[in-house]
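Visitor: Listed below are the residues making up each chain.
Protein chains: 2
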Amino acid sequence: MMSQTAAVTEARPAAVVAAARRRIAAAQRALLLTHVAPDGDAIGSLLGLGLALRAAGKTVSLACADPVPDMFEFLPAAGEIARAFSGEFDLIVALDAADPGRLGALGEALPRPPDLLFDHHLTNPGYADLNLIDVSAASTAELIVEHLPALGLPLTRPAAECLLAGIITDTLGFRTANTTAKTLALAQQLMAAGASLPEVYDKAFYKRSFAAVRLWAEGLARIQLEDRLVWTELTLEARRAARYYGQGDADLINVLTSVREADIAVIFVERNDGKVKISWRAAPGFNVAALAAAFGGGGHAPAAGAEVAGSLDEVKTRVLKATRELLAADHP
Amino acid sequence: MMSQTAAVTEARPAAVVAAARRRIAAAQRALLLTHVAPDGDAIGSLLGLGLALRAAGKTVSLACADPVPDMFEFLPAAGEIARAFSGEFDLIVALDAADPGRLGALGEALPRPPDLLFDHHLTNPGYADLNLIDVSAASTAELIVEHLPALGLPLTRPAAECLLAGIITDTLGFRTANTTAKTLALAQQLMAAGASLPEVYDKAFYKRSFAAVRLWAEGLARIQLEDRLVWTELTLEARRAARYYGQGDADLINVLTSVREADIAVIFVERNDGKVKISWRAAPGFNVAALAAAFGGGGHAPAAGAEVAGSLDEVKTRVLKATRELLAADHP
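So the protein lines, in turn, are chains A and B. According to the numbering used here, the first sequence is numbered sequentially starting from 1129. According to the numbering used here, the second sequence is numbered sequentially starting from 1129.
Okay, chain A solo, but in the shape it has when bound (with noise of 0.2 angstroms):
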């Protein structure tokens, strides 16, 4: 039945859609489900549509296996966001995960596979009965807003609020390649429902902690250029010294890929479980997914991450060996 449905899906979406549209009219009590280590689109789609379906009259259930990070705490109903469910659903639905994997512990306890599943990644193989799958789309939240009236939801301004912050963050403020001319439009259909496009920039996206930024302030002190390649590194010692104590380099590799001498950026985060953790980020023409594969990690081409057992030092010296010759090949 998926294979068919992914069928469906693919050549005739408006019939998905209108399959949608049928399933979420029958449907009482409805369980919504997004993806461990949840970003702003995972949390804004959950949300944005969960309110939608609660405007429709629906009993919504909202879980993630992992916290809500603080930043999207604000977000109306960010606080029902629950870690596990229970109960009877007619009606599941998996928002912005690229595989069934991806909804972690609560994935293995559904019932059943997703009746219906919102996602733009490209490696979705379709895991529901019904797939509302757009890779075009730059973020899950775009998608969401766009459906929303065939599907026969409400866009109330709290579920704007919240598809807003999708948008906003999944294109990194509307400056990913993918952010198109719809994009925009559909953001302003959310102003238009009472978001502050303002408001939700700053808070779900823009706005800090200074532990983040003297984590930035100790990373940039050994920032490095060579050769169309940055990179840096975040010591343990580092974390301690800025009081961070937040997982992973507080987005410090947006700031490295800025660098417009660079062609690849490359963070180094130590940890203390004897590991390191990459995130690498390429300029369009270079594939860095491949490259984090080989290191047994993953992602896309312009960003790709892997977590690699040995020292600092170790582990540096040999990505780095290895970012260079791909560098090197792809531009020789």
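Errors might be hidden in some of the hints.
Repeated chains share a single entry, so a pair holds when one copy, or any two copies, can fit it.
In silico DSS-like pairs for lysine-lysine, Cα to Cα no more than 30 angstroms straight-line [claimed, not checked]:
no., residue 1, residue 2
1, K1405, K1444
2, K1310, K1186
3, K1449, K1403
4, K1310, K1331
5, K1310, K1335
6, K1444, K1403
7, K1335, K1449
FYI, nobody ran anything at the bench for these hints, they're computed from the structure.
Given the coordinates of chain A, work out where chain B should sit on it, guided by the hints.
Guide: Showing chain B alone in chain A's frame:
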């Protein structure tokens, strides 16, 4: 005549636009000017309107008293912007310049006040014959895009790229409080005319030199937060260490304003003329313009600046004291 025309601007903008359309239709040789220390809106508006006029068959000269910043050199016709002008013109247009003094030496050299003015600054007195001033526009470029059809001018792809650069840079990437649904709608029109949002965004706003990022590192190494005030300094030594030879702070102020725990951000830039350049940014509810004025500078409530003679330490002490008093007074 000026005050009469200004009154017309306010009372019947459509009449001013109609008069501007006739003036443009009758013109053959146009001179377009923008303000000193040009930003993206100054350059984008100048080039955008200039290229539209040229596409309509006019002979167009473009001038600015100061050089075009590096990041805008990719824009079509940017190389044609001259530091001076000569010849006879039957249409003189001023862009994004809040008062005639902002045109610098070029303003003094004009044979008459500008025939036409496009601006969005609140303080603009309307010093041209026909004044198209809209303080609700988030950029002068936005105002131009909106009025191009009524002015009888075509929107070509090169013009669209320049105007999009103006919109993106003046809204700090669609982030400022004055970014509206109309802003997004007009950006869409520019994309429909062939401008690439991701490309223009990257080149005009996002990408910066490695030296600029190294200057950030120097500034962030000294960042301090105290009682909702965040500040840092950029010494001459830091500038040398970073090998950053540009003026100002390389937009480091935008990193400081991202600190969630602060309401006011200040940067002190040590200069080699015995002065210290100060930039303030404030959250809604605070007015740093009055503070800047007290130090001989100026600006708007949320963003202001001043140049103060004295050593870095001495100026810093005085300015931080006054800024703390403002913070305490506005939110006691």
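Visitor: If a hint holds in the structure, say so; if it doesn't, say that too.
Guide: Status of each hint after checking the structure:
In this assembly of identical chains, K1405 and K1444 lie within 30 angstroms of each other by CA distance solely inside one copy; the values are 10 angstroms within and 40 angstroms between copies. In the homo-oligomer, the alpha carbons of K1310 and K1186 lie at most 30 angstroms apart inside one protomer (29 angstroms), although the nearest pairing across protomers, at 34 angstroms, exceeds that limit. Proximity of K1449 to K1403 under the C-alpha cut-off of 30 angstroms is restricted to the intra-copy arrangement: shortest distance 18 angstroms within a copy versus 46 angstroms between copies. In this assembly of identical chains, K1310 and K1331 lie within 30 angstroms of each other by CA distance both inside one copy and across copies; the values are 23 angstroms within and 22 angstroms between.
When the C-alpha separation of K1310 and K1335 is checked against a cutoff of 30 angstroms, the pair qualifies both within a copy, at 26 angstroms, and between copies, at 24 angstroms. For the identical chains of this complex, K1444 and K1403 are intra-copy neighbours only, at 11 angstroms inside a copy versus 43 angstroms across copies, given an alpha-carbon limit of 30 angstroms. Taking the shortest alpha-carbon separations for K1335 and K1449, only the inter-copy value of 25 angstroms comes in at or below 30 angstroms, while the best intra-copy value is 35 angstroms.
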